[in-house]
Every structure is written in C-alpha cells, then in structure tokens.
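> So the chains spell out like this:
2 protein chains.
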Amino acid sequence: MDLTRSPLALPFPDMPQIAGAVPRVARARYKDWDRCDLTFVELAEGTSVAGVFTRNVCCSTEVEMGREQVKAGHARALVVNAGNSNAFTGYRGREAVEQIMAQVADGLGCAHNEVFVSSTGVIGVPLPKDKARDGVAAVMQAEPCSWQDAAATIATTDTFDKGASASAMLGETRVELVGIVKGSGMIAPDMATMLGYIFTDAAVAPAFLQECLSRANAGTFNCITVDSDTSTSDTVLAFATGKAGNALLDGWDAPGADAFFAAVQDVCRQLAHLVVRDGEGASKFIEVRVSGAASDESARRVALAIANSPLVKTAIAGGDANWGRVVMAVGKAGEPADRDRLSIGFGGTWAARDGQPVPDYDEAPVAEHLAGQEIRVEADLAMGDGSATVWTCDLTHGYIDINADYRS
Amino acid sequence: MDLTRSPLALPFPDMPQIAGAVPRVARARYKDWDRCDLTFVELAEGTSVAGVFTRNVCCSTEVEMGREQVKAGHARALVVNAGNSNAFTGYRGREAVEQIMAQVADGLGCAHNEVFVSSTGVIGVPLPKDKARDGVAAVMQAEPCSWQDAAATIATTDTFDKGASASAMLGETRVELVGIVKGSGMIAPDMATMLGYIFTDAAVAPAFLQECLSRANAGTFNCITVDSDTSTSDTVLAFATGKAGNALLDGWDAPGADAFFAAVQDVCRQLAHLVVRDGEGASKFIEVRVSGAASDESARRVALAIANSPLVKTAIAGGDANWGRVVMAVGKAGEPADRDRLSIGFGGTWAARDGQPVPDYDEAPVAEHLAGQEIRVEADLAMGDGSATVWTCDLTHGYIDINADYRS
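Residue numbers (the UniProt record's numbering), protein chains in the order written: chain D, 1 to 408; chain Z, 1 to 408.
Derived from the structure by calculation, the hints contain no laboratory data.
Accuracy of the hints is not assured; some may be wrong.
What the hints assert, rightly or not - Per label pair, the in silico range of CB-to-CB distance:
1. 71/Z x 294/D: 27 to 35 Å
2. 389/D x 92/Z: 28 to 36 Å
3. 373/Z x 137/D: 46 to 54 Å
4. 373/Z x 4/D: 45 to 53 Å
5. 4/D x 34/Z: 49 to 57 Å
Here a beta-carbon is modelled for each residue, glycine too, at the ideal position from N, C-alpha and C.
Given the sequences, and given the hints that come with them, work out the whole structure.
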C-alpha cells in the first residue's frame, strides 16, 4: 500500500558521526521489495550497552535474548532486520537469530552475546536463514552509510525517517549522542512496535548507562501511545563506545553525569515524539497534561486513559472541544478523583472547572487551538501533587485505512 | 448527522405487556428535534427494584442517586430523559433530577425515592428544568405505548430499536420478562453509555432480584465492549411488579428460582448483544472465546484485551486473518500466558498452535469465515481451566465518521 508522509513529519536533522559506531545497510530481501532492509552497526571494542524491552508476554526471541545479553554489558555489533519480526516462530525463529549472532561474531572476532539482533515486521513467519546469511555477508562488506540511511533501513510502515541528536560536556570533554527510531502503529507503554537505538562516543559504565536509559525511558518512550496496543518486539538499546576520551562515567557523582543524563533524556524525548508524529493516520500531535493527582503514577494512568480513549482521539480529529469525553476518560481510569473538583482545559483555556462548565465559557479560542496540529489537553484533579505528561495522536480514517489492509 | 441503520440490526421482537408496568412517551424537546425524548414507566405498588451502575468515578447525579435508591428496594416509576445526560453539571443537575422525582411522586402519591431517573446524551449541560417539568406533565397524561416506542424514545445515537423478552415457569405460574436497552458508543465494562431496563410481572424479593441481576450482568453486559470507553451514566435496572401471582421468589431454594435467573440472564444476553450489534460503525459481530487461562477472571481480561485491541478490530474489519495481532493482544493483557503454548484460531480453524503457525495452515476456510458478519476468535492458553467469552464489533471508518463529528 502507498503510505502518505505524515503531515506531522519533521525533517531529518544533521547528525554527527559517532567515533566507534559505524552503520552500514544492505538488501536481505526479507520481503519482495526494492529497498535496504538489513542494518548493521559495528561497535568499537569496549562498547557498553543498556536496554529496555517490551513487557508483552508473547515477546520475540530477539527480545528474550537481548534482555539476557544486556546483563553482560558489552556490545560489538547491532543487526536489525526489517520486514519480518520473527515473533511467534518457535525454535526456528531462535535458530535464525543464533545464526546471525554466530556469523557476525565470527567476522568480528567477538563473543556471540556481544551481537545484538532486532527484527520488525510480520509476526509468525520464521526469519529465512538463507536470506539472513546472504544479507549479513553483504552488509559486513558494505560501505559505511549515514544515520539517515540506517534510520530508513530499520523502518517498516514509517512514513518518514526519524533521528535525533544531543551533546553534553563531561568535564572538559564534549560527547555526542545520536539516536534513530522506527515505529508508528502498535505503540503503547510499555514499549511498542518501536525499535530505538542510541549511540554515544562517551565512556560510560554499563550499569550507569542502564540507569540513565531506564530513567529516561520512564518519562519518554513509556509516556507515548498511539493505539494502546503493545508489540512483541519493542526494544531500545543504548551503546556507548568510549571513544570521546572522557573519564569513565560510572555514577551520579562523576563530572558531567547530570549533563549526560539530560542528553540521553533529550534524545529519548525527541525520538518518542517522532514516533507519535508518525502515528498511523495521525493528523494532530496531542500532549495530555494531568496535574493535581494523588501521585505521579496516578497522574500517568489518568493521562494514558485520556490519551488512549478512542472517543477523545476522534473528537480531537474532528476539532471538537468535547471536554465531556475527557471527563469520561478521567472517570474510567479508576484512579482517585472527585467529579466535583475536576477541571478540564484545552491549550490553556479551561472549559470546565470544579465539576461544572465554566460560566460564560468562550469556545472560540479553544476551537482555534483545536484547529491546529499541536494540541494540548489539560486535566486538573485537585486531589494532590501528582502530575504527568503523555503524548499521543488523534484517531482518523487513516488509521483504519492502514490497519484494515496491511498485514503487519 | 444521518445515522445509517447498522447492517447487524435485528428486527424488534414481539413483546408481551407486563401487568403493573405501563410505558408512556412524550416530547420534552431536550434537543431541537422532532421525536419523543421522555419515557415514563408507571409501576404497580409493591414493585421490587434492583440495579447495576457504571463504575466511572465521574458518574452522573442520576447514577449516584439510583445507587442509593435501589438499596430501599422499591419503585413506582422510571423516567428516562434522552438528549442530555445531565452528567458533570454540579448542583444544577441535581436540582433537575430532584424536581422530576418530586413531580412524579406527587402525581402518583408515592415516596420521592421510589422514582428512578436516568438521562443520556450530551455531557456538561444541566438538564433544563422547565422542559423537564412540561415533559413530565405531558407524559403522565399520555396514552400507554408499546415497548418498541419506549425503546425508540430512550435511544440517542442508536440506529435501531432494541428489545428482548423471555418467560419462566415458577411452579405453576408463568412469568414474563421484557427488556429494552439503548447504547452504541462509549461501551465497555464495567457498564457503558448504556441504559437497560428489565420489567417482569414476577413477584421477587428485592435482594434476590439484585442477586439475579448482578450475576447475569457479570456474564453479559460486563462482557461487551465497543471502544473500551466507559460512560458516566450507565445503568441497568430490573423491576418486578409481582402481578403474575407466583409465590414470592426470595432465594435460590424457592420453586422456579433457577428458571427465573435463566430468564433474566437470557434477556440480559440478548440486550447486551443488541448493543454490540449497534456498535458505532460496526460491520461485524465478534465473539472472543478464551480457554485454558489461569482462571475465569484471567480469561476475561485476556478476552477483553483482544476485544479492545484496535489492531485486532481493524484487521477483522478488513477480513484479515491476522492472528499475530491476537498474539500481541494476549501478550499485552498482563495475565499468565506462555508464548510457546498459545494457540489462536478463527471460526473453529486453528491458525497457530503451541506457539507456532500450524504447518500447512490453509487460510481459505478462515478467510471465508472472516468474510461473514458473525466472527469467532479463539485463543487457548494451555495454562489452566479458566475460560470466558466476550463480545465486540469491528473498528471501521463508520466509527470515525460518527465520533469525529457528533458532540455526544
């Protein structure tokens, strides 16, 4: 099918090279298509790795193995297959992953468990081992490519290439971070059909890298939702090559630790927003802010109930300031709330306060806000100090078009 | 907007009169429309009542009051306002309900709390007291009407009138049950924008009527979902006028208690299915059967995860036997499951067994099944003895059309 570029797409940014992380792409022809679909990133010796993974019980072999591999903390290569998720394929799927790990490890002279494999695409078809073998052989001989080429090659139903970068000063040393991500449907906490990879030249101990990634993930990738469905393959990996020459970052007391964490969070937030911007059928980017909840976690649940409500999402698609549906969504979240203290607003204008419509409510500024592409929904529960922000997109005919026809 | 009759609609059945329950309808003109929108059912002295209500925290005044009123167990009248839900309207909404209760109670010479009021329609607009007053005065003078007229008058976005009936033998006495229901969007457990009313001429003690209704509700209304959104107004009330002349049914040991419960369950199941058949934009009626779960409750949660998944619902809309999305939905439910023991089928044909695609899987019979209007999705977890069945509809362009434009 022909996927139209999302109206919310952003141009691919200029992204620096990362010393010790070299991307290459090739054609494995996992599907009958004329595009690169195999991505290989070679990582310098001594590269640290951290990861967060889907909580879907029916996860893929790649997720199961990746979860184990990050515990060792070291990586020499990343391989991403696009067009076949290899999920729900039993022992045959596992054999294909092990074959790729062995082939790359032999080529680089590293341990098998330093080779990280991800796959994305159709569920239930074992990754063809012959295509994988030829593809891996080709990609290891290919010329290095740009981060945008790598971002394009990990994509499936994405309508634009997604990347982000940031930098941080660790003492006197400047370190660079780049990230690429793919994902547009089956997106929800915790982790969705989303594959994200972050590369930095900083020297970071694996345990601290994991701490930074997990913390950043909680407020970024775990706060986006497109359709409430969570995938069997979701993975975000962070690789730190150590080539920048900084003193090893091994905890919060190390010089520049806060700056490094801020940069990781910045890249994660940018990438997470890009996924929402490519939400299937999205025409509006929606930020849902909940305040006054009993706790931050309670606020997040309420915000997700709003962001996942088909009735809220279709109302916003239609530019309808239907705050009654937001009330409904707050109420169904099952979190502490009091109808008569609840306030609902759009883009900074309260429509309802303390459980009643605002007297002389002027819908004009709200209608104008909702006619735009960047929407903000606000709910104040007046119960406590908990707050949270999540991001989603509207629900449109485009979502139905894509998902009633595409065999994902 | 012009709502097209659901392709899944069923004709309104012949329904008997119920001695002691007399329906009437009138025009209150809650909206600018040319139809009856106020329903009044006068109930004989000594009528027992039971009810189940939405768990939405932001429920309407009507729900709050109804929940208290059923504790007393007696009813003399039901009033249903259509076109305005009166939810989220603070003290002004409450005053309108109290006015209706007082006006009807004065007319009938009964206690205020024997008058049950429901309202359905737009949220956040206080029910206009002047229209309610004139409407109630008119309806109490109106001629008795048919159950179909009553079903049509409680409706809002419904595209067809919904009713069901059953009978039971209590010893030598035959008792009749009729039910009417409205609802098509914002439908999900627990209880949705659904108003349902069951009337019987049986003599039933309030506590036993409540037990029958609560039990029946658990496997019927609480097992349907259209869009996972739960409303602020959902209510099912059962009224037993006692005019059939049976010995009072006051517990499971009374003659005919099982038959009566079966009839209540039958009416509830029929009404619940009718709501799904009028699901906004529905083109297919979907039964989701989960077996082999750790418990019945676990099976129900897994079944609802499947039934609420936009990706599953759009796949079925497209006639796509996309069992991978069912795997995904099972996995995201967060219930005990083992990927490598999971089996998925459609209409009696397994597509995947024990965590892998079925060898030589023939998609032809499945494709034929999915081309129909009555779809069955099966998931066996091979974990235990828990099972559950839930009902939903597909997700189509019609849902977007209705909800991006209609201010509900």
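> Take the hints in turn and mark each one as holding or not.
Results for each hint:
Checking the proposed 27 to 35 Å range against residue 71/Z and residue 294/D shows it holds: the Cβ atoms sit about 28 Å from each other. Between residue 389/D and residue 92/Z the Cβ separation comes to about 33 Å, which falls inside the hinted range of 28 to 36 Å. Our hint of 46 to 54 Å for residue 373/Z and residue 137/D holds, since their Cβ atoms are close to 50 Å apart. Taken as a hint, the range 45 to 53 Å is violated for the pair residue 373/Z and residue 4/D, whose Cβ atoms sit roughly 31 Å apart.
One distance hint, 49 to 57 Å for the beta-carbon pair residue 4/D and residue 34/Z, is violated here, with the actual separation near 42 Å.
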